[in-house]
Every structure is written in structure tokens, then in C-alpha cells.
Amino acid sequence: MNVFDSSLSLSAQNPSGSRSWEGSSCLGEVSQECKAFTDHHLSLSVPCCVSPKAMCSGKLQTGLLVAGYFIYLLVGAAVFQALERTAEKQEKMAAAQMKEAFLQNFTHLTVAEMEQFMKNLTEAIQNGVYPVGNESQIEESNWDFSNSFFFAGTVVSTIGYGTLRPKTAGGQIFCVFFALFGIPLNIVFLHRVGKMLSLLCKKLGKFLYEKGMRKKKIKFLTLLFFLATGILVFLCLPSLFFQKTEGWSYSEGIYFAFITLSTIGFGDYVVGKQPDRNYFSYYRTLVAIWILFGLAWIALLFNLLTTVLEDTEKIIVKDIHQIGKVSKDNVASQQRRCWPAEFIPEEELLPPHAGGDAQKMESLAPDSEHPKTEKNAFS
Amino acid sequence: MLQSLAGSSCVRLVEQHRSAWCFALLVLGYLLYLVFGAVVFSSVELPYEDLLRQELGKLKQRFLEEHACLSEQQLEQFLLRVLEASNYGVSVLSNASGNWNWDFTSSLFFASTVLSTTGYGHTVPLSDGGKAFCIIYSVIGIPFTLLFLTAVVQRIIVYVSRRPVLYFHIRWGFSKQIVAIIHAIVLGFITVSCFFLIPAAIFSVLEDDWNFLESFYFCFISLSTIGLGDYVPGEGYNQKFRELYKIGITCYLLLGLIAMLVVLETFCELHELKKFRKLFYVKKDKEEDQVNIMEHDQLSFSSISDQAASMKDDQKANEPFVTSQSPTSNDSSLNN
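Those protein sequences? They're chains F and R, same order as listed.
Start counting the first sequence at 1; every next residue gets the next number (our numbering).
Start counting the second sequence at 1; every next residue gets the next number (our numbering).
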């Protein structure tokens with residue numbers, strides 16, 4: 001799933017503007033007040049209207065998040081470098097050796113001629129034309145209708161393999177406009193498909209509830225069901241299928257499935273592109289249906305994981321605050337004098353203070369969906 | 001009486017399933033859109049591809065004729081190996097050997113494209129360990145990215161959208177809707193020029209064989225996270241300051257993504273779009289015993305304010321003295 005998908009689809013999920021707290025965090029144990037408190041202050045950092053503790057918590061949270069993200073990127077880069085550098089070196093040496101051997105076999109070939117030939121070939125490959133093989137392949141084009149349909153689908157879902165790429169200026173301009181309108185359309189569409197999938201889980205939950213199970217157990221079981229069936233149906237079974245039809249190994253199939261469904265879409269593995277295999281008709285259509293439902297499932301999965309991360313982060317921030325509060329009690333009491341008296345919270349009165357801040361936030365968020373609060377703010 | 005009953009039941013049927021009709025329309029519209037795209041792409045690109053195939057066929061023939069000692073089979077074998085290596089980003093041409101794909105800055109660029117789900121594909125993990133690590137890294141990293149982007153965009157939106165709109169609404173007295181629409185359009189223009197036009201101009205200067213249209217195309221394909229990979233900056237021969245360049249591109253992609261999300265969120269908060277979107281979504285049932293497990297509404301942009309509203313609703317019922325505080329808090333917020 002892509003970042004637009006989750007952000008836009010998530011923001012559209014409560015048209016009625018209310019939501020239930022029942023299943024808000026399946027795995028986190030954060031208390032309701034703390035969650036509401038930090039939720040408000042995640043989105044608003046108005047000075048002098050917020051208690052110092054809340055402001056600190058919001059800024060600390062964001063700071064931690066930003067720092068954590070960049071550290072994550074750096075760590076990933078280092079690990080990739082360590083893992084891949086040797087493989088790349090070997091590949092380069094093998095390619096150079098092969099070139100040497102080839103030139104030695106055919107000594108009348110000059111290096112310049114061969115380089116020119118290979119350059120032309122590589123360019124052709126990058127344009128999707130595969131020059132190896134017999135002449136009958138010339139009839140099959142990369143831009144016939146079904147391949148163009150597949151390309152349109154990869155653009156709109158933002159997977160973007162890149163094995164097929166528009167080369168003409170007209171194609172590129174059209175691609176830009178096509179994606180501009182197609183991506184939001186895709187997001188809305190996938191959101192609905194995701195709702196259908198989660199309805200299944202809800203039905204299971206209801207069924208178990210009627211059988212008399214406790215809510216926590218139902219939550220856990222439904223989650224497990226969601227994960228297990230999803231992984232089976234969208235990752236494991238298709239990999240077996242691809243093993244038969246594409247000749248990849250099982251792990252390559254899983255790698256392809258994940259890279260496609262997360263919309264990363266490198267393009268190193270693409271279905272239906274092996275020149276020496278016969279694919280049955282409707283192969284691509286089947287794969288497209290799989291991609292569609294898989295995209296929706298992975299979007300739900302990523303939402304779930306994001307919730308887990310967010311809750312973990314809040315727990316960490318709360319712990320840091322506990323530690324900080326013990327040592328900085330005097331400083332805090334001095335700082336409190338600069339805030340207006342109404343807004344100084346006693347530690348016990350956190351929920352109503354959160355309510356007060358929410359009122360403030362309503363006044364600053366002009367398009368809330370509650371007409372009552374709008375009237376209050378702008379009467 | 002029967003007629004009116006039948007009429008009303010028909011209307012009720014349509015009304016009840018209005019959301020379903022809208023969804024069916026959505027599916028149809030989506031398929032039609034894909035078909036339309038396929039037709040246009042096909043008609044635009046096919047002639048060019050034809051030309052290229054013929055050219056390539058002739059090139060290969062000529063090469064084989066010039067070097068008669070070379071059999072076609074040997075050439076094919078050689079080509080297969082070269083193309084395999086080329087797929088992985090390893091070029092056999094002698095003047096392209098300077099660029100490493102997996103030094104630290106290139107790996108950083110690669111990690112950022114994986115986490116933003118762009119995935120160019122110009123470098124891919126070759127080893128099995130790399131592929132496995134890529135999967136695990138993304139499973140944790142993509143939600144992390146979502147969390148990160150949400151938090152950052154939330155903060156930026158307050159300063160960039162909500163406060164200016166409120167300011168103009170109060171100072172100039174226009175209605176909120178008009179101010180919001182004008183503000184959204186102006187923000188869109190500024191973002192397009194700052195994150196598309198100017199970087200496109202910069203790339204067309206820095207990259208040897210990119211013209212302005214190709215640079216703009218690259219910016220769009222990257223920032224929308226499609227990431228075809230046909231244009232990747234920093235891969236030219238003997239690129240000066242390659243490391244710095246790659247880091248700069250990574251920062252540009254991250255900032256651009258954040259800017260795109262801010263603009264998207266600003267547009268989505270417009271009233272008209274909200275009403276339009278509601279057409280397609282299922283109405284939520286508010287049953288008490290419903291086990292809401294998959295309602296992951298936590299991380300949303302506009303619904304953070306919705307959450308606040310709902311929290312306020314819950315708490316107004318419980319703590320009556322909140323409402324007595326509200327007039328004072330409103331006054332002080334307006335006076336700020």
C-alpha cells in the first residue's frame with residue numbers, strides 16, 4: 001500500500017464523525033484518558049493554552065518519532081550496504097570476465113564495436129524490447145491492449161514496476177494526468193474493498209460474541225484469523241502458484257508477492273514476462289484480481305502495525321515522562337505561573353482539561369463535523 | 001394503497017442500498033478508467049515500440065553479418081548474461097564501471113525509496129539475505145513511515161492551513177468555505193512550483209540527457225510513489241559529488257512526499273470534497289455490542305479533530321463542568 005492510500009483512506013473512515021473506543025487498540029494497553037490527551041496534543045501545539053506537561057509530551061513524541069525515523073533509515077542503509085556490496089562486486093567481476101572471454105573467442109571484434117552494440121541493446125532492453133529469441137516474438141507487442149491495461153493498473157495503484165515505460169513525450173504527459181486522477185480513484189476503490197474484507201472479520205467476531213466468548217479473546221482470535229488467512233491467501237498460496245507458472249523458487253515468489261502488494265514494485269520480478277513460457281489466457285486477469293484484494297488486505301495490515309507502533313511510542317513517552325516528572329517537579333511548578341489559572345490542570349483533572357483543549361481545537365479547526373461546536377466557536 | 005406501498009418500498013430499497021449503488025458505480029467507473037488508459041497508452045506507444053523493434057532487429061542482423069564467425073547462438077548466450085546483469089543494475093560497459101550501487105549513500109537512497117514504497121528498481125537486492133532483509137525492513141518500516149508522515153503533516157497543517165484560514169476568515173470576513181477553497185488552490189500552486197517546477201529545472205540542468213519535460217515527469221512519478229524507474233537521477237557517468245547528490249535527492253523525496261500529503265489533506269478538508277466522499281462510504285452502525293476490531297481510525301489527518309469532537313461528546317456527558325469552562329477558553333483563544 002502506498003502512503004496516500006493509508007492517509008486518505010484512514011481520514012475518510014468515519015463519515016459520521018464519531019467512533020467507538022471498543023477496539024481502538026487491539027494490542028496496546030494505553031488508558032483512554034492518556035490516549036485522548038496525547039491525541040489532542042499531537043495535532044495542536046498552541047503555546048500558553050496547553051499545560052507544560054502536555055506540550056512537552058507532544059513535542060517529545062514528535063521529536064522521538066522524527067529521530068527514530070532517520071535512525072531507522074540510516075540503519076537500513078548500513079545493513080543493505082553490508083549485505084549487497086559483496087554480491088554486487090561478484091556480479092561485476094563475473095560480467096567483466098564473461099566479456100573478456102567472449103572477446104578472446106572472437107578476436108576480430110573490437111572492444112569499441114561491441115560496446116556500441118551492447119549500449120544499443122541495453123537501451124532497447126530498458127525500453128522493454130527483448131532481443132533474445134526467435135523472430136516470432138515480434139508479433140507480440142509490449143503495448144497491445146492487455147499489456148497497456150496492466151500498465152495502467154500499475155500506474156494507478158502506484159506499484160510502478162517500470163518494465164514497461166512510456167517513452168514518447170505524449171505518453172509521459174498523459175501518464176502524469178492519468179495518474180493525477182487515477183490515484184485518488186484507486187484509493188477510494190481500495191478503501192471500499194478493505195471495508196468488505198474487514199466486514200468478514202466483524203462477522204466472525206459477532207458470531208463468536210454470540211457464542212459467549214469474552215471480548216478480549218474475540219479480539220485476539222479475530223486478529224489471528226485476519227493475519228493467518230491473509231498470509232495464507234495472499235502470500236503463501238500465490239507463491240506456490242507462481243512456482244508453477246513462472247518457474248521462480250518459493251522464496252522468490254514470496255518476495256515478489258510482498259514487493260508487489262506493498263506497492264514498492266521494483267520490477268525485478270514481473271508476472272507474464274518470461275519470454276520462453278506459455279501462459280494460459282486470463283492469467284494476467286487472475287493476477288490482477290489477486291493484486292486488488294491483496295492491496296486492500298496489506299493496507300489493513302499496515303494500519304494495524306501503525307497502531308501498534310503508535311501505542312508503543314506512547315508507552316515509551318509516558319515512561320520518559322514518569323522519569324522526568326520525578327526529577328523536575330520544582331521547575332514545573334515555577335513554570336505553571338505563566339499560564340492562565342483556568343488551564344492549569346491538577347493531575348487528577350486530566351480528562352476535563354483534555355475536553356477544554358478539545359474545545360479550543362474545535363475553534364481552530366473550522367471544518368469539524370459537529371455543528372454544535374462550530375456554533376459555539378463562531379457564534 | 002398497494003401502489004403507494006409498492007412505490008415507497010421501491011424508494012426505500014434504493015435509499016437503503018444507495019451506498020451499494022454508489023459502490024457499483026465506483027467499480028464501473030474504475031474499470032472504465034483503466035480501459036481508457038489502456039487504449040490511450042496503447043495507441044500512443046505502440047508505433048514507437050514498433051520502430052524500436054525493427055531497428056534492433058536490423059542492428060542484430062548487421063552485427064552478425066559483419067562478424068560472420070560469431071554464431072547466433074553464442075551471441076544469444078552472451079546477450080542473456082549481459083542482460084541479466086543489466087537487470088540488476090550492473091553494467092558491462094567499460095565507462096560505466098565507476099558507479100557503485102551499494103555504497104552508503106546509494107543504500108540510503110535505496111532504503112528511502114523502499115520505505116516510501118516508490119521502489120524504482122534500478123538497484124534491487126541481489127542476494128537472498130538482502131531480499132529477506134528487504135521484506136522484514138519494509139514490514140516494520142512502512143507503518144513507521146506512515147506514523148512519521150502523519151505526525152509531521154499534522155503539525156504542519158496547523159500552521160499552513162488551519163491558522164491562515166482562520167486568520168483570513170476573521171480578519172477579512174469572507175465565509176469559511178471561500179477562504180478555504182482559495183487557500184487550498186494557492187497552496188496547491190505554491191507546492192507545484194516549489195516541488196515540481198523548480199526541482200524539474202534543477203534536474204534538467206544537473207542531468208545530462210534530461211530535458212525539462214522528462215525531469216518534471218520524474219518528479220511526478222517519484223512524488224506520487226509510482227516510481228517506474230526509467231529516470232533515476234545520479235546514475236549518469238562520472239557524476240560529480242555523487243554522494244552529496246544522492247543524499248540531496250533523498251531529502252527532496254521525503255520533503256516532497258510530506259508536501260504532497262499536506263496539500264492532499266488540505267484539499268480533503270474542504271467541505272465539498274467531504275460530502276462527495278461520504279457518498280461512497282458505508283454508514284457506520286452504532287450498535288453497542290459490535291466488536292470494532294478492524295476500525296483503524298486512529299491515524300487519520302482530518303479525523304484527529306473528529307476524534308476530539310467525539311471525545312468531547314463522551315466527556316460532556318460525564319463531566320458537566322467542561323461546558324462551563326468553554327466560554328472562557330473560547331474567549332482566550334480568540335484573543336490570542
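Calculated from the structure, these hints are not laboratory results.
Take these hints with a grain of salt, some might be off.
The list that follows gives simulated cross-link-like pairs (lysine-lysine, DSS-like), each with its CA atoms no further than 27 Å apart [as the list claims (entries may be wrong)]:
#	chain 1	residue 1	chain 2	residue 2
1	R	Lys-58	R	Lys-176
2	R	Lys-240	F	Lys-92
3	F	Lys-217	F	Lys-203
4	F	Lys-202	R	Lys-274
5	F	Lys-119	F	Lys-273
6	R	Lys-278	F	Lys-203
7	F	Lys-273	F	Lys-244
8	F	Lys-217	F	Lys-195
9	R	Lys-60	F	Lys-119
10	F	Lys-195	R	Lys-275
11	F	Lys-215	F	Lys-202
12	R	Lys-240	F	Lys-89
13	F	Lys-59	F	Lys-89
14	F	Lys-273	F	Lys-92
15	R	Lys-58	F	Lys-119
16	F	Lys-206	R	Lys-278
17	F	Lys-119	R	Lys-240
18	F	Lys-195	R	Lys-278
19	R	Lys-274	R	Lys-176
How the hints compare with the structure:
1. Distance hint between Lys-58 (chain R) and Lys-176 (chain R) is unfulfilled; the C-alpha atoms sit about 65 Å from each other, more than 27 Å.
2. Distance restraint check for Lys-240 (chain R) and Lys-92 (chain F): the Cα-Cα separation of roughly 22 Å lies within the 27 Å cut-off, and the hinted pair is therefore satisfied.
3. With a CA separation close to 15 Å, the supplied pair Lys-217 (chain F) and Lys-203 (chain F) stays within the 27 Å bound.
4. Straight-line distance between C-alpha atoms of Lys-202 (chain F) and Lys-274 (chain R) comes to about 26 Å, which keeps the hinted pair within the 27 Å bound.
5. With a CA separation close to 22 Å, the supplied pair Lys-119 (chain F) and Lys-273 (chain F) stays within the 27 Å bound.
6. Under the criterion of a C-alpha separation no larger than 27 Å, the hint pairing Lys-278 (chain R) with Lys-203 (chain F) is consistent with the structure, at around 23 Å.
7. A threshold of 27 Å between alpha carbons decides the hint, and for Lys-273 (chain F) with Lys-244 (chain F) the separation of about 14 Å falls inside it, so the pair holds.
8. This hinted pair checks out: Lys-217 (chain F) and Lys-195 (chain F) have alpha carbons roughly 22 Å apart, not beyond 27 Å.
9. With a C-alpha separation of about 12 Å, the suggested pair Lys-60 (chain R) and Lys-119 (chain F) falls inside the 27 Å cut-off, and the hint holds.
10. Among the hinted pairs, Lys-195 (chain F) with Lys-275 (chain R) is consistent with the structure: their alpha-carbon atoms are about 19 Å apart, no more than 27 Å.
11. Restraint check for Lys-215 (chain F) and Lys-202 (chain F): the C-alpha separation of about 12 Å stays at or below 27 Å, so the hint holds.
12. Under the criterion of a C-alpha separation no larger than 27 Å, the hint pairing Lys-240 (chain R) with Lys-89 (chain F) is consistent with the structure, at around 22 Å.
13. A threshold of 27 Å between alpha carbons decides the hint, and for Lys-59 (chain F) with Lys-89 (chain F) the separation of about 44 Å lies outside it, so the pair is violated.
14. Note on Lys-273 (chain F) and Lys-92 (chain F): the hinted pairing holds, with a Cα-Cα distance of about 25 Å set against a maximum of 27 Å.
15. The hinted pair formed by Lys-58 (chain R) and Lys-119 (chain F) meets the criterion: a straight-line CA distance of about 15 Å does not exceed 27 Å.
16. The straight-line distance between the Cα atoms of Lys-206 (chain F) and Lys-278 (chain R) is roughly 26 Å, inside the 27 Å bound, and the hint therefore holds.
17. Distance restraint check for Lys-119 (chain F) and Lys-240 (chain R): the Cα-Cα separation of roughly 22 Å lies within the 27 Å cut-off, and the hinted pair is therefore satisfied.
18. Between Lys-195 (chain F) and Lys-278 (chain R), the direct Cα distance comes to roughly 14 Å. Compliance with the 27 Å bound is thereby established for this hinted pair.
19. Distance restraint check for Lys-274 (chain R) and Lys-176 (chain R): the Cα-Cα separation of roughly 15 Å lies within the 27 Å cut-off, and the hinted pair is therefore satisfied.
Checked against the numbered hints given earlier, the structure breaks hints 1 and 13 and satisfies all the rest.
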